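Q: Listed below are the residues making up each chain.
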Amino acid sequence: MLVRRIRDGTVIDHIPAGRALTVLRILGITGSEGYKLAIVMNVESKKLGKKDIVKIEGLYLDKEQLDKIALIAPTATVNIVKDYRVVEKMKVRLPEDLSNILSCANPTCITRQPREPIKPRFKLVSRRPVLYQCVYCGTLIEEDDIVRQLGGSA
Amino acid sequence: MARWLGRDVVSILDFTRDELLDLFEAASGLEGVLESGRARRLLEGKIVSLAFFEPSTRTRLSFEAAAKRLGAETIGFTAAEATSIAKGENLADTVRMLDGYSDLIVIRHRYEGAALYAAEIAEKPVINAGDGRQHHPTQAMLDLYTVNRLYGTVDGLVYGVLGDLRYGRAATSFLLALTRFKPKMVYLISPPLLRPREEVYMALRQQGLPFQETESLEEVLPELDVLYVTRIQRERFPDLRDYEKVRGSYRVTLDLLQRHAKPELKVLHPLPRVDEIDYRVDGSPYQAYFLQARLGVPVRAALLAKILGAW
Chain A
1 MLVRRIRDGT
11 VIDHIPAGRA
21 LTVLRILGIT
31 GSEGYKLAIV
41 MNVESKKLGK
51 KDIVKIEGLY
61 LDKEQLDKIA
71 LIAPTATVNI
81 VKDYRVVEKM
91 KVRLPEDLSN
101 ILSCANPTCI
111 TRQPREPIKP
121 RFKLVSRRPV
131 LYQCVYCGTL
141 IEEDDIVRQL
151 GGSA
Chain B
1001 MARWLGRDVV
1011 SILDFTRDEL
1021 LDLFEAASGL
1031 EGVLESGRAR
1041 RLLEGKIVSL
1051 AFFEPSTRTR
1061 LSFEAAAKRL
1071 GAETIGFTAA
1081 EATSIAKGEN
1091 LADTVRMLDG
1101 YSDLIVIRHR
1111 YEGAALYAAE
1121 IAEKPVINAG
1131 DGRQHHPTQA
1141 MLDLYTVNRL
1151 YGTVDGLVYG
1161 VLGDLRYGRA
1171 ATSFLLALTR
1181 FKPKMVYLIS
1191 PPLLRPREEV
1201 YMALRQQGLP
1211 FQETESLEEV
1221 LPELDVLYVT
1231 RIQRERFPDL
1241 RDYEKVRGSY
1251 RVTLDLLQRH
1261 AKPELKVLHP
1271 LPRVDEIDYR
1281 VDGSPYQAYF
1291 LQARLGVPVR
1301 AALLAKILGA
1311 W
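Protein sequences, first through last, are from chains A and B. Just so we're aligned, residue 1 is where the first sequence starts under my numbering, counting upward by one. Just so we're aligned, residue 1001 is where the second sequence starts under my numbering, counting upward by one.
Bound conformation, chain B alone (with noise of 0.2 Å):
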């Protein structure tokens, strides 16, 4: 069984596929309680820290809701700035601090690694809400647990994954995750420049994972179950011209879905969004990126219950 009570969440590489299935299990669980108010003595007393030294909206409104839902208290920043960092403080002190008002740290940093460090200096538990352009654990399992709701199954899947595989963690934590389960295919769509990271094709070449790699959307779309899309990470370009080359190089349109995609293709998409799903596509069946966005709740909110020993 899965050791939950007090457990860091780093990396998704940290969770096996049994752990991931019995997450999505108390996910689902809460799924229909949360809203019913039910959940409420689940955490009551606990308080969480929701430390963004970064721009958030999704996750740390996810985490705030999923903590609240279930009774507990909220902490936190939503900028660097309003804080003593703005005086200088650094992370370790910062992350002390937290440590010592409350039973959990979630955490998201421009600079990889972060949540490591923290995990090592605190003694409460700490959620990577995003570290740089690295990990982020949580997003990988509200995705993977949309496609489990969605098909009933994470295996036997075709997989497109869109976009800036190189800075962008969703993707990177996205394919990670996949490597637990056993998809069919996973493409990997992107231009030459947003291609991954060696160090994650070491990890899914390690993995086992199939994957092919591939310029052409079009191409490959008549084959997916699933469409990953992501935005191109503008603000960790080490240079704005590689940027420039690449922005706008895709763009998932309805007519495009509708010429070459399965009906039953559902495209997903760890928001915000620029302009890579034309908005067109929001009304369509393939759709699912809201439903996805909606799920972070009770995913993030059976991580909480899970680690602080409510679940």
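For reference, chain A alone in the conformation it holds in the complex (with noise of 0.2 Å):
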């Protein structure tokens, strides 16, 4: 399967299969914005048996945007490409504070309330396993959940 190179813009390479649209789904990316976007799904890999890459033409995303793929695809790596060459190298590292991506399980938690102007807020407390807490009720979660939260599958 072939894909062309891009020209500007972010490839996230090694993403585990079936996951590259839940990544897009994450960094807020629908499509419709008008970006050139190439998707490859279970494509061989050496590192991981079969991948997912996504290709971004025209976007540059930072760090702290990418690191929230670390969620579902901490194998990651992210190149930032300027004239068809990568200018930048980098990792997915889990956040150590999420805010607005997941919502907290426990029914009875403040930021479950519909009527109330609340964000759901995690911090990291573990990477291995990966588990978040909840600032608000202390609830953990862990990375199935996150997983499953997400729409992949865990």
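Hints are supplied without guarantee of correctness; some may be wrong.
As the list claims (entries may be wrong) - What follows is a set of in silico ranges between Cβ atoms, one per label pair, in the way DEER data are often shown:
#1 Gly1006(B) with Lys119(A): 21 to 29 Å
#2 Val1274(B) with Lys50(A): 52 to 60 Å
#3 Lys1184(B) with Ser126(A): 23 to 31 Å
#4 Lys119(A) with Leu1013(B): 38 to 46 Å
Claimed, not checked - Which residues of chain B face chain A? A few of them, derived with a C-beta cut under 10 Å, are:
#5 Glu1089
#6 Asn1090
#7 Glu1120
#8 His1135
#9 Glu1198
#10 Arg1236
Hint data in this document are derived by calculation from the structure and do not stem from the laboratory. Predicted model only: the values in this text are computed from it and were never measured. Each residue gets a CB set at the ideal place from its N, CA and C atoms; glycine is no exception.
If you follow the hints, you should be able to join the two separate chains into one complex; please do so.
A: Here's what the structure looks like:
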């Protein structure tokens, strides 16, 4: 399968197979923004066996945005491309604080109350295994729950 | 030195050992003067909001008594039904209003995180008087103050915490408070369904609290210096069938204490109790829960005075 190189933009490689669409959802990219977008799924990978790749022409994502990908694709690598050349390579890293991405599993958490203008917030308590904790009610959220919530398969 | 002025009180873990000891000293200083009326000018001109969205007897009344003994006025409500919340007003708007009307907000709410949320909204200090199953920091303060008063220390003692460690915020805050001190051992005594939540275990381990779990009170009773008994929190069970399974699963009787406990054992309970402590214990030397309830006033008075800059 051949996908053209991009000239300027962001390449997210080594996404666990089947999670490319979830990666885009986390980044808030729907396809209607007008970016040229290549989504390659379930291709062979030496490192992962199978992997997904996302290429976005004309969009440079910053570290803070990209780190959110680590929630479902901790193996992802990111290349920033300018004029066909990779100018920056980075690995994603789980963010210490998460705001407004996950919702708390506890139905009596204040963040679950629809009439309150409050954003769910979590802090990272463990990288291995991945574990976040609700800042408001203390409930822990594990990797499987995170993946499930974000729409990937656990 | 502790920074008390204007401070929010959300979790007992927000406080260091030194800060708690500092609070105990203030409470001890106030104990003698509150009832004499000599402390009545300390908070003169201040207004304390008591926003109790959930039922309360001791916590609300002891805050109210504490505020009044210090000369403050109180405003507030004791049931959401009597306020605009019944008309659909949210917590955020209610807190903004109280923030505008008073110098400090004491809040109790059924949802976990409500006090932190209120503290983020309000400019005035917020004291958590219980948020769902999560925290009850001022209860933990008065619990340890009671222990300190009875034994002259919180350290080096063997504690048993009996009952609903899963949904009971008083028990949870008591355990978290003990992590600030050096207990010899803490026994968590409960049926498996009422064991602490995972995040509480995590905090206890992280803080290095020496603890062991057991289902049998009799087994550990001979070792205990302090037995902290809690009510099963029926109202917080997501599934009432689970409540029925554990209902009445433990009961502290005078006979049990006389057969197994040290004579100097003290029994604490945040109250209200249902049937977990037999009434015959009330008249025995083991009973310390009425003293504990009474000490809520000086401890809460000390907290109000410190946060409002009067002590």
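Q: All the hints need checking, so say for each whether the structure fits it.
A: Okay, the hints, checked on the actual structure:
Separation of Gly1006(B) from Lys119(A) is about 25 Å and conforms to the stated range, judged on CB atoms against 21 to 29 Å. Checked against the hint of 52 to 60 Å, the C-beta distance between Val1274(B) and Lys50(A) comes to roughly 58 Å, which is consistent with it. Between Lys1184(B) and Ser126(A) the CB atoms are about 29 Å apart, so this pair conforms to the stated range of 23 to 31 Å. At roughly 23 Å, the beta-carbon separation of Lys119(A) and Leu1013(B) lies outside the given 38 to 46 Å, and the hint is violated.
Taking 10 Å as the C-beta cut-off, the interface hint given for Glu1089(B) holds, the closest approach to chain A being about 9 Å. About 4 Å separates the beta-carbon of Asn1090(B) from the nearest beta-carbon of chain A, less than 10 Å, and the hint is met. Residue-level restraint check for Glu1120(B) holds (minimum Cβ-Cβ distance to chain A is 8 Å; threshold 10 Å). For His1135(B), the interface hint holds, since its Cβ comes within 10 Å of a Cβ in chain A; the closest pair sits about 9 Å apart.
Using the Cβ-Cβ criterion of 10 Å, the hint placing Glu1198(B) at the interface with chain A is satisfied: the shortest such distance is roughly 6 Å. Here the hint on Arg1236(B) is kept, as its CB sits about 8 Å from the closest CB of chain A, short of 10 Å.
Of the numbered hints stated above, the single one contradicted by the structure is hint 4.
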